[in-house]
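Participant: Residue-level listing of the chains:
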Amino acid sequence: MSARTRHATRRKLFSHAMTVLTGLAVVIVMIPLFWIIYECVLLGGSHLTLGYFTQGTPPPCSPIECKAGGGLQLMQGTFIVVGLASLYAVPVGIAGAIFAVEYGGQRAWARAFSFAADVLSGVPSIVVGMFIYVVIFYYDPQIVFSVTSGSLALGAIMLPIVMRATEEALRTVPHSVREAALALGMSRWKISLRIVLLSALPGVLTGVLLAVSRAVGEAAPLLLLDNTNLGFTGTNNPADTMALSIYLFAASPYKNWANLAWETALVLLIFVLVLSLTSRLLLNRWSRKWKA
Amino acid sequence: MTRGNPFRPSSSRRTLRAPRIGDRIFFVLTLIGALGVVAVLIAVVAALFHGAQPALQQYGFSPVFGRIWNPSDYVYGFVPFILGTLVTSTIALLISVPLSLGAAIFLTQHAPLWLREPVAQVIQLLAAIPSVVYGLWGLIIITPLMAADVNPALASYLGWTGLFGGPTNYGENLLTASIVLSIMTVPTITAFSRDAMEAVPRSQKEAAISLGATHWEVTRRSIVPYARSGIVAGIVLGLGRALGETMAVTMTIGNRNAIPTSLLSPAQSIPSLIATDYFEAITPNEIPALFEMALILLLITLAVNIGARAILARLALGSGVGAE
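Chains as they are written, first to last, in this note's numbering: chain A, 1 to 292; chain B, 1 to 324.
With a cut-off of at most 25 Å between alpha-carbon atoms, the simulated SDA-like pairs for lysine to any residue come out as follows:
#1 A/Lys12 / B/Ala111
#2 A/Lys12 / B/Gly212
#3 B/Lys205 / A/Val20
#4 A/Lys12 / B/Val224
#5 A/Lys190 / A/Arg111
#6 A/Lys67 / B/Ile140
#7 A/Lys12 / B/Glu217
#8 B/Lys205 / A/Arg10
#9 B/Lys205 / A/Arg11
The set of hints was computed from the structure by calculation and includes no laboratory data.
With the hints as extra help, turn the sequences into a complete structure.
Facilitator: Right, dumping it as structure tokens:
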């Protein structure tokens, strides 16, 4: 074998080896995903009963009695906090996106709004929590630890996600659609809402679902603002939530609380994965429709 | 778009009829929404400056070089936490960058077409898992594994490097936090690298093949250099995520407020210190000191994110919000 063919063989072998290695990287990267799902199903699923959805957080195990309890109270808290957060973030995010796209178009200052949203989405969530802490402290120190401040923090986290997704969706609506409506004498705000926003709705919805799934799993700001093990008693009081109680119960010496952490993790994981998959499917089907 | 946007509010001088009142209201309302995003961003920076004010006034930025954190003696040094943050993020990237790039290369160059999209979507599910679930998994599953098997093995085989010295019985340490963080940065880096590699023109690849390049040489010399900016942006965004991660790190790093002596020693990052110390604060300047650290973290993550977004804006690859 000549030196040249030997060299070629070595190059080919090296190339094949690298292909195998990159394939291996895909496998390695997926291991933690399935490992986490497996542990949640194993450790959470073995205790999960229908009682999880009907009973509140149990008192810690004592030598006398040890109730399993459930996550009803946690789900209620999460639902209220994230619901309120969506109430703040979704209208503001959609309005901001409409402004950036419908009035700004491709201009540099319109891009600046999107840029601000992108940068905001990179702010660490614990920092957002501290920000709301300062703001609420000067507004009313009584409600620093409350559902209100927790939901404001989650709202600030959801806002850029909703705005950017809405923006991308609005930009896919062809310009000719707006011009046609304008030529028919429709007023601009009606065109923006009834025609552009409506045709971009699946894209907007995807963004909202994405933002909700992010907020539902967010525990860091709630640690500073909505930290309790009591149920919901009004928006001026704190209420316990799923994400934060996973943290609080994770290393609990009480068996029923430690189990509750895993059950909650499983329910949260299923919720978040379903939300994520739904939004992706929605987006795929919708973008295919526009391409057709 | 070269022609004028018909939605731009025109002054009445240019139109025959004054804009309808509904249009004016709508313009103002949407403007408020857009300004809201900018306002929140500015308010975050302002609020942290405000919270850090007492500490900034009394110590300035000297705590940045302080090696000891001992609030009960009014000693506030940030070095242990800055170090903890930087070391965990760096190791996380050292692990996740090769894996993510490998995955992106496989999914854009080698995998059969029908497999590419589904596998990429599965990898993106990693981004959907809440960080507190990563933390729970790290704390209950990974930590005991580290203490029982991984730490002793590292100490005996790689102890000579000096990185794995000291006691090996702590499962919650710098390395554990770094490993968990590395998994959390994989989806970001993979998504952006994949986008960038897919945007490489076919001709670029075909030219390399026609010169007799092997698969790997095509990737190495033609795909990766062309996609470099997008890959770098993805890595930087991954870094931004790692620097600010709170829950997963708090649950796995060991929460020890001192300079770590090895990768196997318990440590603390800036976010994890805030999470554990915020309500334990005793001395009056402790909370402002935490705010000053949060401010430093914020400024670093802002710089990191602005850098990455500037690269992406130049590439016009979109926001990646849908990709994450």
